[in-house]
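Trainee: Protein chains in written order, with the numbering used here: chain P, 1 to 117; chain E, 1 to 114.
Keep in mind that a hint or two might mislead.
The calculated SDA-like cross-link candidates involving lysine to any residue, where the alpha carbons are at most 25 Å apart (straight line), are [said to hold, decoys possible]:
1. E:K77 - P:Q41
2. E:K58 - P:L96
3. P:K78 - E:K77
Everything labelled a hint here was simulated from the structure, so no lab data went into it.
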Amino acid sequence: GAGVSQTPSNKVTEKGKYVELRCDPISGHTALYWYRQSLGQGPEFLIYFQGTGAADDSGLPNDRFFAVRPEGSVSTLKIQRTERGDSAVYLCASSLFPRGGLGETQYFGPGTRLLVL
Amino acid sequence: AQSVAQPEDQVNVAEGNPLTVKCTYSVSGNPYLFWYVQYPNRGLQFLLKYITGDNLVKGSYGFEAEFNKSQTSFHLKKPSALVSDSALYFCAVREGRGYNKLIFGAGTRLAVHP
């Protein structure tokens with residue numbers, strides 16, 4: 001079956017511009033996560049959705065970052081007034097249940113590589 | 001706060017030899033531990049996880065990991081390395097209180113030489 005997909009795969013933008021990154025989770029997965037991976041580092045949590053609502057957005061670095069999941073499936077990560085420091089790979093993951101009692105596995109997409117010039 | 005440490009930036013192994021990639025963790029509750037692998041320009045692929053039960057966990061592609069509670073470690077192992085195992089490996093922990101975010105280590109690059 002299809003895995004998590006993310007578009008675009010690469011995005012180059014200029015400082016100050018607005019960008020949207022899209023994530024299509026695995027069909028039927030109710031939980032969706034966004035992570036950011038900077039060069040040479042492990043992924044860092046940004047936000048997670050339980051259905052349509054953001055259950056934990058504690059990882060969003062500031063108010064320029066926002067994410068939505070209006071119908072409980074596709075999610076969009078939005079970055080306003082981009083800065084060079086936002087350059088990273090943005091990873092999306094999904095899991096079957098938000099609170100898997102046995103340690104639900106998160107399945108990752110290929111990521112969107114964002115470069116802010 | 002929970003954390004994960006991968007003490008080695010890179011591990012070099014000859015093909016056919018056993019490999020170990022180290023991971024230690026710190027959590028306040030019960031740990032849920034994961035290993036992922038990342039190939040160039042690709043996302044993270046799930047290898048295996050420890051939830052409870054046997055301390056030796058078997059996963060994909062012949063990998064296994066040993067959970068050691070007293071040493072707070074979860075080292076990844078494989079009896080015989082392949083050149084195709086060369087990749088970036090990440091250990092992650094999820095605190096077992098319902099919090100769903102994964103905390104990742106910085107990663108270890110595995111290089112398997114022919």
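Trainee: Please work out if K78 of chain P and K77 of chain E have their alpha carbons no farther apart than 25 Å.
Mentor: 39 Å, violated
Trainee: Are the Cα positions of K77 of chain E and Q41 of chain P separated by 25 Å at most?
Mentor: 22 Å, holds
Trainee: Is the hinted pair K58 of chain E and L96 of chain P satisfied, with a Cα-Cα distance of at most 25 Å?
Mentor: At roughly 21 Å apart (the allowed maximum being 25 Å), L96 of chain P and K58 of chain E satisfy the hint.
The structure fails to meet hint 3 from the earlier list, while all remaining hints are met.
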